[in-house]
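Novice: From first to last, the protein sequence lines stand for chains A and B. Following the working numbering, the numbering of the first sequence begins with 30 at its first residue and continues without gaps. Following the working numbering, the numbering of the second sequence begins with 886 at its first residue and continues without gaps.
Hints in this document: simulated from the structure, not taken from any laboratory. Here a beta-carbon is modelled for each residue, glycine too, at the ideal position from N, C-alpha and C. There could be a bad hint or two in this list.
Unchecked claim - Computed beta-carbon distance windows for the label pairs: (1) Gly-58(A) <-> Ser-952(B): 28 to 36 Å; (2) Pro-893(B) <-> Met-113(A): 21 to 29 Å; (3) Gly-925(B) <-> Asp-91(A): 22 to 30 Å; (4) Ser-965(B) <-> Asn-93(A): 44 to 52 Å.
As the list claims (entries may be wrong) - In silico contact screen, one side only, chain A against chain B (beta carbon under 10 Å); selected entries: (5) Gln-74; (6) Thr-119; (7) Ser-121.
Chain residues, written in single-letter form:
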Amino acid sequence: AQRVTQPEKLLSVFKGAPVELKCNYSYSGSPELFWYVQYSRQRLQLLLRHISRESIKGFTADLNKGETSFHLKKPFAQEEDSAMYYCALTSSGTYKYIFGTGTRLKVLA
Amino acid sequence: DGGITQSPKYLFRKEGQNVTLSCEQNLNHDAMYWYRQDPGQGLRLIYYSQIVNDFQKGDIAEGYSVSREKKESFPLTVTSAQKNPTAFYLCASSAGLLSTGELFFGEGSRLTVL
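Next comes chain A alone, as it looks inside the complex (with noise of 0.2 Å):
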């Protein structure tokens, strides 16, 4: 079954520190991963895909296909980078969307 993990509902680092939001996957096909994310009072939006091997804002994150991961990481925290996140799935010659059931990220000051 497809299927997106994120096991931690709340993460809270100081600032400065670093986060890793973790994401694994179950998908037998070929998949395409995203993180989405939601600031507060703000539409959800792409924060970056695997695909495109792209550092936004400081974030990257790596496909593992052995160990079936998508963690995002940053090495060092801002406070504005508090907000929900969400890790996604899809797979090519497909229209269907899974998304994992989100992080909130808190950065402390």
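Using the hints provided, position chain B relative to the given structure of chain A.
Specialist: Chain B alone, transformed into the frame defined by chain A:
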């Protein structure tokens, strides 16, 4: 201003009543989606549509209905058969299979059943 527009933002309904949530996009996207967002459960797919006059059930379609008569519009009806309709509903769209895969979201509609 391009994007996805959902209305109304807030809606109250009495038990036993059907209610329709509107979703309009001017991005010329082929695919449109409805998700339900509940605390601790993330986004769950209700229905999606790949093209006009076609749509598929998602993971939690029971108690909901949709139509796709126009490319830019994908309304969702929450029927009285939906046992727990109080939730936050998100509409999204994407350009389709040949796109980068990004979903564009509306601001959401919060439905409260009294």
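Novice: Now, for every hint given, state plainly whether the structure supports it.
Specialist: Against the structure, the hints:
no. : hint                                  : verdict
1   : Gly-58(A) <-> Ser-952(B): 28 to 36 Å  : holds (30 Å)
2   : Pro-893(B) <-> Met-113(A): 21 to 29 Å : holds (23 Å)
3   : Gly-925(B) <-> Asp-91(A): 22 to 30 Å  : holds (27 Å)
4   : Ser-965(B) <-> Asn-93(A): 44 to 52 Å  : holds (46 Å)
5   : Gln-74                                : holds (7 Å)
6   : Thr-119                               : holds (6 Å)
7   : Ser-121                               : holds (7 Å)
In the structure shown, no violation is registered for any of the earlier numbered hints.
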